[in-house]
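Please work from the sequences and hints to get the whole structure.
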Amino acid sequence: MEILGKLRRLGRGINAIVANATVLLFIVMTLIVWAQIFFRFILGDGIVWAEEIAKYMMVWMALLGAAVVYYEQGHISIDFFIANNRKVRWFKLFHTLLAAFLFTVLIVCGIKYAHLGQRLISPASGIRKFWPYLAIPVGGFFLLFQSIIRFVDLLTDGAGNDVAANVPDLRSTEGKGELE
Amino acid sequence: MISVSMFSALVFLLLVGLPVAIVLGLVSTGWVILAGSSLQMVASRMYAGIDTFVLMAIPFFCLAGEIMNRCGITDRLIQFVNYLVGRVRGGLAQANIYSSLLFAGITGAAVADVSALGSVFIPAMEKQGYTRKFSAMITAASSIIGPIIPPSIIVVVYGAVTGVSVGSIFAATMIPGVIVGLSMSALVAVIARKKNFPKFEEKFQAREFCICLKDSILALIMPLIIVGGIFSGVFTPTEAAAVAVFYALLVGVVFYRSVSIRTIYQSVFSAMRTSAMLFFIIGFANILGWIISRVHLPEQIAVFMLSLSNNPKILLLLVVVLLIFIGTWLETSASCIILAPILAPVMQKVGIHPVHFATVMVVSLNIGLITPPLGVALFAAVGVGKVSFEDVVSELWPFLVLDIVVVLLLVFVPALSLAIPRVLGFI
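For the record, the sequence lines run as chains A and B.
Residue 6 in numbering that gives the first Met the number 0 sits at position 7 of the first sequence, with consecutive numbering throughout.
Residue 156 in numbering that gives the first Met the number 0 sits at position 157 of the second sequence, with consecutive numbering throughout.
Simulated from the structure, these hints should not be mistaken for lab results.
Check before you lean on any hint, since a few could be wrong.
Coverage of chain B stretches by chain A, computed from C-beta distances (three or more under 8 angstroms per stretch; other residues unrestricted) [stated by the list, open to error]:
1) 16 to 27
2) 50 to 57
3) 242 to 256
4) 279 to 288
Just so you have them, the derived chain B footprint on chain A, three or more residues with Cβ under 8 angstroms [what the hints assert, rightly or not]:
5) 22 to 34
6) 46 to 54
FRET-style restraints, in silico, Cβ to Cβ [said to hold, decoys possible]:
7) A:Leu9 with B:Ile260: 20 to 30 angstroms
8) A:Arg118 with B:Leu408: 51 to 61 angstroms
9) B:Leu408 with A:Phe80: 28 to 38 angstroms
10) A:Arg8 with B:Ile313: 17 to 27 angstroms
11) A:Val47 with B:Glu298: 31 to 41 angstroms
Idealized CB from N, CA, C, for every residue including glycine.
Spelled out as structure tokens, the structure:
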């Protein structure tokens, strides 16, 4: 059980890092859009690269954020039919397996796609498309990582994983969704 | 044949509780493999789905709403509304509805509205002699005004996945939102007379009213900036949302002085989470959308529908029934992301104006927020009001009927949706 505890802590630690990265991306993205508006209205001329770079940061935020939400089991789903089922743990194992498969697909085709992006240059900012494309395999990696930890978790200890434990549900905009 | 098995797999996986995004991803990956297309399609369509500037309005709207909510503006807004409408019979119930109308401009998310308003209104209403279940119910019922009146997240989602201009849908949903609010208010007035609801008898204090007025105006400038900026063509929706974030911070830090670094961090995190959740679905749905257009599904559905009837209004009505049904099971934005790319082209072929359909779809899906067995707003009200789900639902049905009547009105009178966009030159 020692190793399991370590694994869980690792999952939590990685999640905290990814979560902070997304917050940072969000803040920088906001600053860029502000700067763009400021330059356009006050100085009369926008920043050429602003929109593109902000968009790329949003893509990164989306994919990394997806891993954070996955860790918190916050992705939207229909729980109605399985919530009161005694076999809920088996359903979740099944979910996690399917999810892990999808995340693997994301990593594999994401890497190929990013590779393709090395030959493409963004029109406005001049950076290689490789960088925004890279968000897909990297996000996929963190998603896969969290899904593996959850799978092990579910296999060894079903009780600690009931829905109510750490699902922040859909109230994320109400102001109670704080970092643990 | 593939389409049918794909659709069955989609429904099956959704019903066994797999997250919507992952279901969409799996089903479309499966199709890409079966059809022998390159797997790279998965990554490229997903990327293309998220890499859209207009979507950036979502994190910004969420963030602005989060900051405003944490400013403590709720209490002042509510008191302001109380002063304005509280003196009639059933005053607090009315104030609950009109607060939702004002709140709509600030949060644009129904669940946020329920918890923010419910935590103030439900105890206050109970103290004045309303039943707890009625108070919780009216909070939930009025919360659907929020995502209908602009700015609203689901409209941005709709615009991003269908390509219809967000500004034009914002303009189109204004009248319907107000109609929903006013009709609820009328219904409450009728119930209040019947059940002899109390008035709000607080003494009027001029000084306090002025403070409330000032604070409320400060908060209500935000939706004006957003809507005004978009309608006048000065800002894109994304820029307007970014400006709203700036304004919310300004108000929170300078005027209310209640925003700390920690508050900002929490707001950013929370807004990030909501947006990432939506983007994940949007990304995978974009693969599915690509497949759907490749197999010409919208065309097939359009042909099928036209074989049922030639009257576009009747067909729209059928779609509304479908939307309300699906809205009861599936989260609002998720249903919008999945269904809008299929239904919008169908309805256009059938002869419904895209903006008209967008409005009807947004309103119908939002009714799903308060329909049992799965209305998210109902569950939020159950949580805030500490009442049972059955209690809330038992009082709800007149309001549900009312909402459905409003949708019917919107279906049969397109001018309600199209007048403002036309005046503003969007269409």
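Hints, one by one, checked against the model:
1. 16 to 27: With 8 residues close enough to chain A, the hint holds.
2. 50 to 57: holds (count 5)
3. 242 to 256: Satisfied; 3 residues make the cut.
4. 279 to 288: holds (count 3)
5. 22 to 34: holds (count 7)
6. 46 to 54: holds (count 3)
7. A:Leu9 with B:Ile260: 20 to 30 angstroms: 28 angstroms, holds
8. A:Arg118 with B:Leu408: 51 to 61 angstroms: 55 angstroms, holds
9. B:Leu408 with A:Phe80: 28 to 38 angstroms: 34 angstroms, holds
10. A:Arg8 with B:Ile313: 17 to 27 angstroms: 60 angstroms, violated
11. A:Val47 with B:Glu298: 31 to 41 angstroms: At 40 angstroms between Cβs, range holds.
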